[in-house]
Amino acid sequence: MSRALLTRAESEGEMFWSRLVTMDESWLPYFMPETKMQSRIWCARGDPSPLKAKTVPSCQKVMISVFWDEDGLILVDYLPKGATINSGYFCKLVNEDLRHQLKNRRRGKLSRKPIFQMDNATPHTAARTKDLLEKLGWDVLPHPPYSPDLAPSDFHLFPRLKEPLRGRRFSSLDEMKEAVESWRQSTPKEFYQGGLRSLVSRWRKCVSSGGDYIEKLRDDSE
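First residue of the sequence shown: 54, per this note's numbering; consecutive thereafter.
These aren't lab readings, by the way, just hints derived from the structure by calculation.
There could be a bad hint or two in this list.
[What the hints assert, rightly or not] In the DSSO-like style, the derived pairs of lysine-lysine whose C-alpha atoms are separated by at most 27 Å in a straight line are:
#1 K145 to K156
#2 K258 to K242
#3 K215 to K188
#4 K166 to K156
#5 K145 to K230
#6 K162 to K145
#7 K242 to K183
#8 K134 to K114
#9 K230 to K242
#10 K258 to K134
#11 K114 to K230
#12 K188 to K162
#13 K215 to K242
#14 K215 to K134
#15 K183 to K230
#16 K114 to K156
#17 K114 to K215
#18 K188 to K156
#19 K162 to K183
#20 K134 to K166
#21 K215 to K166
#22 K156 to K183
#23 K134 to K145
#24 K145 to K166
#25 K156 to K258
#26 K166 to K114
#27 K156 to K242
#28 K230 to K215
[Unchecked claim] For each label pair, taking beta carbons as the anchor points, the in silico distance ranges come out as:
#29 A174 to K134: 38 to 46 Å
#30 G161 to K134: 31 to 39 Å
#31 G66 to G190: 18 to 26 Å
#32 N173 to H153: 24 to 32 Å
#33 R213 to S261: 23 to 31 Å
Quantities reported herein were computed from a predicted structural model and do not represent experimental measurements.
No residue lacks a Cβ here, since even glycine has one placed at the ideal position from N, Cα and C.
All chains should be modelled from the sequences, with the hints used to inform the complete structure.
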């Protein structure tokens, strides 16, 4: 798959990247403790280290679905409490919300027919989803199972999006939405472009390693 994708991206050039839209889902807890690096502080010799907060299973959280391309975030959907992401929910999200945002924010992208990149989660590969994407005429890229190392949202977007949210305690969904929107506004276009185009180096690593998992998950654009 990586060899075929690499060949296609190189042959189609800029047209490939301009049509590409990727997406994935992730949980956002209302409180995420800082990483060990973020919470490091200087202590005098003999002083006890400060206690580190931990995320507990009962912590309230929300699942977000994020659609993006090389120009930035297109759509961020927050799953309503009590709902689940099944093929019906996902199809409605794509057919209504995503298409509406593409029409308003990415002029001409719908007419060129997006190239869609996503993982193999059940809502993404269900027959109902496949039928919808085929009807829309969207080109769905193949994705090897269990490969977050080849999914831009996993190795690039979500780690950076969650970084400024760590150590903050949100009292409401609106507060969390404001924080995500603030991150979006402060993040330059080059971040998104670099994340998507680093797929080339990852596909090459995958081919050269004979398909082995790429351990290094920091994005290669840095």
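Tested hints:
1. Between K145 and K156 the alpha-carbon distance is near 16 Å, which keeps this suggested pair within the 27 Å criterion.
2. For a cut-off of 27 Å, the pair hint linking K258 to K242 stands: about 25 Å separates their Cα positions.
3. Distance check on the hinted pair: K215 and K188 sit about 35 Å apart at the alpha-carbon level, beyond 27 Å; violated.
4. At roughly 12 Å between alpha-carbon atoms, K166 and K156 fall within 27 Å of each other, so this suggested pair holds.
5. A threshold of 27 Å between alpha carbons decides the hint, and for K145 with K230 the separation of about 21 Å falls inside it, so the pair holds.
6. Annotation: proposed proximity of K162 to K145 holds, straight-line Cα distance about 19 Å (limit 27 Å).
7. Our distance criterion of 27 Å between C-alpha atoms is broken by K242 and K183, whose separation comes to about 30 Å.
8. Note on K134 and K114: the hinted pairing holds, with a Cα-Cα distance of about 9 Å set against a maximum of 27 Å.
9. With a C-alpha separation of about 20 Å, the suggested pairing of K230 with K242 holds against the 27 Å cut-off.
10. The hinted pair formed by K258 and K134 fails the criterion: a straight-line CA distance of about 40 Å is larger than 27 Å.
11. Between K114 and K230 the alpha-carbon distance is near 12 Å, which keeps this suggested pair within the 27 Å criterion.
12. Annotation: proposed proximity of K188 to K162 holds, straight-line Cα distance about 16 Å (limit 27 Å).
13. For a cut-off of 27 Å, the pair hint linking K215 to K242 stands: about 18 Å separates their Cα positions.
14. At most 27 Å may separate the alpha-carbon atoms for a hinted pair to count; K215 and K134 meet this at roughly 21 Å.
15. Of the supplied pair hints, the one linking K183 and K230 is violated, its CA atoms being roughly 30 Å apart against a limit of 27 Å.
16. Using a Cα cut-off of 27 Å, the hinted pair K114 and K156 is violated, with the two alpha carbons roughly 30 Å apart.
17. Between K114 and K215, the direct Cα distance comes to roughly 13 Å. Compliance with the 27 Å bound is thereby established for this hinted pair.
18. Using a Cα cut-off of 27 Å, the hinted pair K188 and K156 holds, with the two alpha carbons roughly 17 Å apart.
19. Distance restraint check for K162 and K183: the Cα-Cα separation of roughly 20 Å lies within the 27 Å cut-off, and the hinted pair is therefore satisfied.
20. Pair hint K134 plus K166 does not hold up; C-alpha atoms about 33 Å apart against a cutoff of 27 Å.
21. The straight-line distance between the Cα atoms of K215 and K166 is roughly 31 Å, outside the 27 Å bound, and the hint therefore fails.
22. Restraint check for K156 and K183: the C-alpha separation of about 21 Å stays at or below 27 Å, so the hint holds.
23. A hinted pair counts as satisfied when its Cα atoms are at most 27 Å apart, and K134 with K145 qualifies at roughly 17 Å.
24. For the proposed pair K145 and K166, the alpha carbon gap of about 18 Å is at most 27 Å, so the pair holds.
25. Our distance criterion of 27 Å between C-alpha atoms is broken by K156 and K258, whose separation comes to about 35 Å.
26. For the hint linking K166 to K114, the alpha-carbon distance of about 34 Å lies beyond 27 Å, and the restraint is violated.
27. Taken as a hint, the K156 and K242 pair is honoured in the structure, with Cα atoms around 19 Å apart against an allowance of 27 Å.
28. At roughly 12 Å between alpha-carbon atoms, K230 and K215 fall within 27 Å of each other, so this suggested pair holds.
29. In this structure the hint that A174 and K134 lie 38 to 46 Å apart at CB is violated, the actual value being about 20 Å.
30. In this structure, G161 and K134 meet the distance hint of 31 to 39 Å, their C-beta atoms being roughly 37 Å apart.
31. Range check, G66 to G190: about 21 Å between beta-carbon atoms, so the 18 to 26 Å window is met.
32. Range check, N173 to H153: about 26 Å between beta-carbon atoms, so the 24 to 32 Å window is met.
33. Distance hint for R213 and S261: a CB-CB separation of about 26 Å, consistent with the stated range 23 to 31 Å.
Going through the hint list in order, the structure does not satisfy hints 3, 7, 10, 15, 16, 20, 21, 25, 26, 29.
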